[in-house]
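Engineer: Sequence:
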Amino acid sequence: MAITVRPRTPAAIDNPASQAYLILRTGFIVAPILFGLDKFTNLLADWTSYLAPAIDRLVPGSASGAMLAVGVVEIVAGLVVAVRPKVGGYLVAAWLAGIITNLLLLGEHYDVALRDLGLLLAALALARLATAFQPTHDTDTATATATA
Numbered sequence: 001m002a003i004t005v006r007p008r009t010p011a012a013i014d015n016p017a018s019q020a021y022l023i024l025r026t027g028f029i030v031a032p033i034l035f036g037l038d039k040f041t042n043l044l045a046d047w048t049s050y051l052a053p054a055i056d057r058l059v060p061g062s063a064s065g066a067m068l069a070v071g072v073v074e075i076v077a078g079l080v081v082a083v084r085p086k087v088g089g090y091l092v093a094a095w096l097a098g099i100i101t102n103l104l105l106l107g108e109h110y111d112v113a114l115r116d117l118g119l120l121l122a123a124l125a126l127a128r129l130a131t132a133f134q135p136t137h138d139t140d141t142a143t144a145t146a147t148a
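Each residue of the sequence shown is one higher than the last, beginning at 1 in this note's numbering.
Treat the hints as calculated values from the structure; they're not laboratory data.
From the three backbone atoms N, C-alpha and C, an ideal C-beta is built for every residue, glycine too.
Heads up, a few of these hints could be off.
Cβ pair distances, simulated, as ranges [claimed, not checked]: (1) G65 with A20: 36 to 42 Å; (2) I13 with D56: 42 to 48 Å; (3) D46 with A97: 34 to 40 Å; (4) A125 with L43: 25 to 31 Å; (5) E108 with L58: 15 to 21 Å; (6) Q134 with S62: 36 to 42 Å; (7) A97 with I13: 29 to 35 Å; (8) L44 with Y110: 17 to 23 Å; (9) G65 with L43: 14 to 20 Å; (10) R115 with D46: 16 to 22 Å; (11) G118 with V76: 21 to 27 Å; (12) G61 with A94: 19 to 25 Å; (13) V83 with N15: 28 to 34 Å.
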């Protein structure tokens, strides 16, 4: 299996679509990891207050324990975006859909749910842009070989 890597030429870097891809990729690496880490410290918010009682009843353990699990998932999502942005974009979009559902069930924080809908759309855009700007794994041709 050969890997074809698209070059990072000045023309590609100056491309607005390439720039948008890099902005979205960076944002969806950094934000989920930081928010995930904050689930362990609660510096930004008391995250348990964002958990709908219906969801809290479904998950085993305490709301605090659920938020720790959420933190782990968010950190993993950010790392997946770093390594495989196409897959990570869809993963983050699905995660945001779950967050939106939770907030709607909570019956509060509709402003955050609307913001997260915008983020969900941005994550989908990242996944689509990754198709154009990420290295491809080509099993049919040996277009790239290791040279020393």
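Engineer: Of the numbered hints stated previously, which ones are contradicted by the structure, given in increasing order?
Structural biologist: 3, 13
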